[in-house]
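*Asks:* Residues per chain are reported as follows:
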Amino acid sequence: MNLESVKTLYVAEMSRSLRTVLQSIVSPVISTSLYFVVFGAAIGTRISEVEGVSYGAFIVPGLIMLMLLTQSVSNASFGIFFPRFSGSIYEILSAPVSYFEVVLGFVGAAATKSVILGLIVLGTASLFVPFTIAHPLVMLLFLVLTALTFSLLGFIIGIWADGFEKLQLVPLLVITPLTFLGGTFYSIDMLPPLWQAVTLANPVVYLVSGFRWSFYGLGDVSIWASLAVITLFLAVALAVVSWIFRSGYRLKP
Amino acid sequence: MDDAPGRQPVSDNSVIHVEGLSKTYDSGFEALKGVDLKIRRGEIFALLGPNGAGKTTLISVICGLVNASAGRVLVAGHDNVADYRQARRLIGLVPQELTSEAFSTVWDTVSFSRGLFGKPKDPAHIERVLKSLSLWDKRRNRLITLSGGMKRRVLIAKALAHEPQILFLDEPTAGVDVALRRDMWEVVRQLRDSGVTIILTTHYIEEAEEMADRIGVIRSGELVLVENKRELMRKLGRKELTLQLHEPLERLPGELDAHGLEIAEDGQALIYTYDGRDDGDDSSGIAELLADLDAAGIRFKDLHTRQSSLEDIFVSLVREDA
Numbered sequence: 001m002n003l004e005s006v007k008t009l010y011v012a013e014m015s016r017s018l019r020t021v022l023q024s025i026v027s028p029v030i031s032t033s034l035y036f037v038v039f040g041a042a043i044g045t046r047i048s049e050v051e052g053v054s055y056g057a058f059i060v061p062g063l064i065m066l067m068l069l070t071q072s073v074s075n076a077s078f079g080i081f082f083p084r085f086s087g088s089i090y091e092i093l094s095a096p097v098s099y100f101e102v103v104l105g106f107v108g109a110a111a112t113k114s115v116i117l118g119l120i121v122l123g124t125a126s127l128f129v130p131f132t133i134a135h136p137l138v139m140l141l142f143l144v145l146t147a148l149t150f151s152l153l154g155f156i157i158g159i160w161a162d163g164f165e166k167l168q169l170v171p172l173l174v175i176t177p178l179t180f181l182g183g184t185f186y187s188i189d190m191l192p193p194l195w196q197a198v199t200l201a202n203p204v205v206y207l208v209s210g211f212r213w214s215f216y217g218l219g220d221v222s223i224w225a226s227l228a229v230i231t232l233f234l235a236v237a238l239a240v241v242s243w244i245f246r247s248g249y250r251l252k253p
Numbered sequence: 001m002d003d004a005p006g007r008q009p010v011s012d013n014s015v016i017h018v019e020g021l022s023k024t025y026d027s028g029f030e031a032l033k034g035v036d037l038k039i040r041r042g043e044i045f046a047l048l049g050p051n052g053a054g055k056t057t058l059i060s061v062i063c064g065l066v067n068a069s070a071g072r073v074l075v076a077g078h079d080n081v082a083d084y085r086q087a088r089r090l091i092g093l094v095p096q097e098l099t100s101e102a103f104s105t106v107w108d109t110v111s112f113s114r115g116l117f118g119k120p121k122d123p124a125h126i127e128r129v130l131k132s133l134s135l136w137d138k139r140r141n142r143l144i145t146l147s148g149g150m151k152r153r154v155l156i157a158k159a160l161a162h163e164p165q166i167l168f169l170d171e172p173t174a175g176v177d178v179a180l181r182r183d184m185w186e187v188v189r190q191l192r193d194s195g196v197t198i199i200l201t202t203h204y205i206e207e208a209e210e211m212a213d214r215i216g217v218i219r220s221g222e223l224v225l226v227e228n229k230r231e232l233m234r235k236l237g238r239k240e241l242t243l244q245l246h247e248p249l250e251r252l253p254g255e256l257d258a259h260g261l262e263i264a265e266d267g268q269a270l271i272y273t274y275d276g277r278d279d280g281d282d283s284s285g286i287a288e289l290l291a292d293l294d295a296a297g298i299r300f301k302d303l304h305t306r307q308s309s310l311e312d313i314f315v316s317l318v319r320e321d322a
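Chains as they are written, first to last, in the working numbering: chain V, 1 to 253; chain X, 1 to 322.
Hints may contain errors.
Said to hold, decoys possible - Some chain V residues close to chain X (C-beta under 8 Å, calculated; not the full set):
#1 2
#2 5
#3 12
#4 23
#5 84
#6 91
#7 94
#8 95
#9 96
#10 192
#11 193
#12 244
#13 248
#14 252
As the list claims (entries may be wrong) - Calculated pairs, DSBU-like style, for lysine-lysine (alpha carbon to alpha carbon, straight line, at most 30 Å):
#15 131(X) to 121(X)
#16 38(X) to 7(V)
#17 229(X) to 252(V)
#18 301(X) to 7(V)
#19 7(V) to 252(V)
#20 151(X) to 119(X)
#21 38(X) to 119(X)
#22 131(X) to 7(V)
#23 119(X) to 252(V)
#24 138(X) to 252(V)
Unchecked claim - The following residues of chain X were derived to be distant from chain V, with all beta-carbon distances above 10 Å:
#25 26
#26 66
#27 86
#28 88
#29 116
#30 134
#31 234
#32 242
#33 245
#34 255
#35 263
#36 296
#37 299
No wet-lab data here; the hints were simulated from the structure.
No residue lacks a Cβ here, since even glycine has one placed at the ideal position from N, Cα and C.
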């Protein structure tokens, strides 16, 4: 393992985020705060408790998930897309680093940033609503696994995209709808039975549910189902990334 | 393990050994057709060829940017695929396109390159590199603020950041002004003097003529020639004798046919082309020509000779059944 190279890639990616601190950190915090103001404080006061938890507190895990998914995907995809776009990726491809090390540097940095953001949003949320975390370690595990998996997904998108449009396409058309329909703002018990069944095909439901379980000990699906889904996701993402590098897809003609 | 010294090639002093290298792109374009090439340790090797001849593909395969379709590359004895870490550690690459992370500073981007190649931080080395390329004053500038020539220097600095033994320069002076070009040649010479092997591609013949020890000419994916520069110019160099005539000539008298003369400058001059090889025997035919001219009553007021340049040689090579 070429640790110096991994460290270099990681630090470079992290400092890129620091250079764009406004876009990277401030804007997700502001948008999450807006959700709390609108859904938590304004609408939430008209909604009674959901499954024994106040509505404001109920949406905290879902909102963190929403931010985590979108930020992981967009950070990681941009991180690898930009060097491809500018051409400076030649240096990474000609360096004595393995593909695993490249992924570790890029995805590691993107996931780290997402986890930090997640914690910042968690802190921000505590300013708006009181809530408890029943299983902090499980919460951290979910945070890390989700950040990692969706950073990998972002990495794949960043390699697949051949323009800025495609780069935005997946987050906009897939991630955001799935998250909104994934039980961020409601418990799927509130849906008619048919839609409950349909919703169970949405993988984000399992993530939000598992994450919520770590806060309040209750979820739409069992915690084990949630863990299984996120692990499966991670495995698929890893398999695709390793195929990309072995085949040279979009990187090496 | 990481710092194991490069294995020495067994049989010769070649530092890069390319064997039967072919590359066919997905589009079906055959960029390289069975290229064999040995680069000697410590030389400056110029790869000449017209656009699209395969220069950049050859370099890209050696450096690991492009997968070969067939053949292999050894870098100081290390296979560049199986043993890519050892092979790549020895190589620095300066690409043709000016590519850079627009928003980082010169210092950061050059330091990044060193770290990426797995070398521990060494600010003193980075400082030396930046100073040798006259970039020291710009070290805190963001890349986006630099001129094209300066960016080119930054790319060279990046390639040198990890102290490579082999440096590839793909069209290093394309779009660079004359003064900067001279500076770069100087830098390249200093590198060579410090023991770095340099491979450059160019279509400025002047560059190859000025700098290279050996020259390879690539045409449609095939190396048509690899030769010591002086040898090449001596072997293929033609000489030209131009005679300025006293009185213009419309037609050559028949008795001069054997000399293959050309009338130039509206009959004001005659051009005689002959083999410039220095073979010891006096085969240039100048003495006979002058005697025949005298006999034909053609008088001249001035004469000069010219050695054909590498450019002429190159053009004739590339044109040949192209």
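*Asks:* For each hint, tell me whether it holds in the structure or not.
*Replies:* Now the hints, each set against the structure:
With 8 Å as the threshold, the beta carbon of residue 2(V) comes within range of chain X, its nearest partner Cβ sitting at about 5 Å, so the hint holds. With a least beta-carbon distance of about 5 Å to chain X, the hint placing residue 5(V) at the interface is held under the 8 Å criterion. Hint status for residue 12(V): holds, given a least beta-carbon distance of 5 Å to chain X, under 8 Å. For residue 23(V), the interface hint is violated, the least distance from its beta-carbon to any beta-carbon of chain X being 12 Å, above 8 Å.
The beta carbon of residue 84(V) is not positioned within 8 Å of any beta carbon in chain X (closest approach about 10 Å), and the interface hint is therefore violated. A cut of 8 Å between beta carbons decides the hint on residue 91(V): the least distance to chain X is about 6 Å, and the hint holds. With its C-beta approaching chain X no nearer than about 4 Å, residue 94(V) sits inside the 8 Å limit, and its interface hint holds. Interface restraint check for residue 95(V): the shortest CB-CB distance to chain X comes to about 5 Å, inside 8 Å, so the restraint holds.
A hinted interface residue such as residue 96(V) counts as satisfied when its beta carbon comes closer than 8 Å to some beta carbon of chain X; here the least separation is about 4 Å, so the hint holds. Taken as an interface hint, residue 192(V) does not check out: its beta carbon lies about 50 Å from the nearest beta carbon of chain X, beyond 8 Å. Taken as an interface hint, residue 193(V) does not check out: its beta carbon lies about 50 Å from the nearest beta carbon of chain X, beyond 8 Å. The beta carbon of residue 244(V) is not positioned within 8 Å of any beta carbon in chain X (closest approach about 14 Å), and the interface hint is therefore violated.
At a threshold of 8 Å, the smallest CB-CB gap from residue 248(V) to chain X is about 6 Å, leaving the interface hint in force. Below 8 Å, beta-carbon pairs count as interface contacts, and residue 252(V) has one with chain X at about 6 Å; its hint therefore holds. The straight-line distance between the Cα atoms of residue 131(X) and residue 121(X) is roughly 17 Å, inside the 30 Å bound, and the hint therefore holds. Under the criterion of a C-alpha separation no larger than 30 Å, the hint pairing residue 38(X) with residue 7(V) is inconsistent with the structure, at around 35 Å.
Pair hint residue 229(X) plus residue 252(V) does not hold up; C-alpha atoms about 34 Å apart against a cutoff of 30 Å. Proximity of residue 301(X) to residue 7(V) is assessed by CA-CA distance (about 74 Å); at most 30 Å being required, the pair is judged violated. For a cut-off of 30 Å, the pair hint linking residue 7(V) to residue 252(V) stands: about 23 Å separates their Cα positions. Among the hinted pairs, residue 151(X) with residue 119(X) is consistent with the structure: their alpha-carbon atoms are about 23 Å apart, no more than 30 Å.
Taken as a hint, the residue 38(X) and residue 119(X) pair is honoured in the structure, with Cα atoms around 28 Å apart against an allowance of 30 Å. For the proposed pair residue 131(X) and residue 7(V), the alpha carbon gap of about 26 Å is at most 30 Å, so the pair holds. Taken as a hint, the residue 119(X) and residue 252(V) pair is honoured in the structure, with Cα atoms around 25 Å apart against an allowance of 30 Å. This hinted pair does not check out: residue 138(X) and residue 252(V) have alpha carbons roughly 33 Å apart, beyond 30 Å.
With a minimum CB-CB distance of about 7 Å to chain V, residue 26(X) fails to clear the 10 Å threshold, and the non-interface call is violated. The non-interface label for residue 66(X) is inconsistent with chain V: the shortest C-beta to C-beta separation is roughly 5 Å, within 10 Å. Non-interface call for residue 86(X) relative to chain V: violated, since the shortest CB-CB distance, roughly 8 Å, does not exceed 10 Å. The beta carbon of residue 88(X) is not kept farther than 10 Å from every beta carbon of chain V, the shortest such distance being approximately 4 Å.
Not every C-beta of chain V lies more than 10 Å from that of residue 116(X), the closest at about 5 Å, which undercuts listing it as non-interface. Its beta-carbon lying about 22 Å from the closest one in chain V, residue 134(X) satisfies the requirement of being farther than 10 Å from that chain. No Cβ of chain V comes within 10 Å of the Cβ of residue 234(X); the nearest lies about 37 Å off, and the non-interface call holds. For residue 242(X), the requirement that its beta carbon stay farther than 10 Å from each beta carbon of chain V is met, with the minimum near 48 Å.
Every CB of chain V is more than 10 Å from the CB of residue 245(X) (nearest about 57 Å), matching its label as outside the interface. Residue-level check passed: residue 255(X) sits 62 Å from the nearest beta carbon of chain V, beyond 10 Å. Remark: the non-interface label on residue 263(X) is consistent with the geometry, its nearest Cβ contact in chain V lying 52 Å away (cut-off 10 Å). Distance to chain V confirms residue 296(X) as a non-interface residue, since its nearest Cβ pair spans about 63 Å, more than 10 Å.
Here residue 299(X) stays apart from chain V, with its beta-carbon at least about 63 Å from theirs, past the 10 Å limit.
When held up to the earlier numbered hints, the structure conflicts with 4, 5, 10, 11, 12, 16, 17, 18, 24, 25, 26, 27, 28, 29 and fits the remainder.
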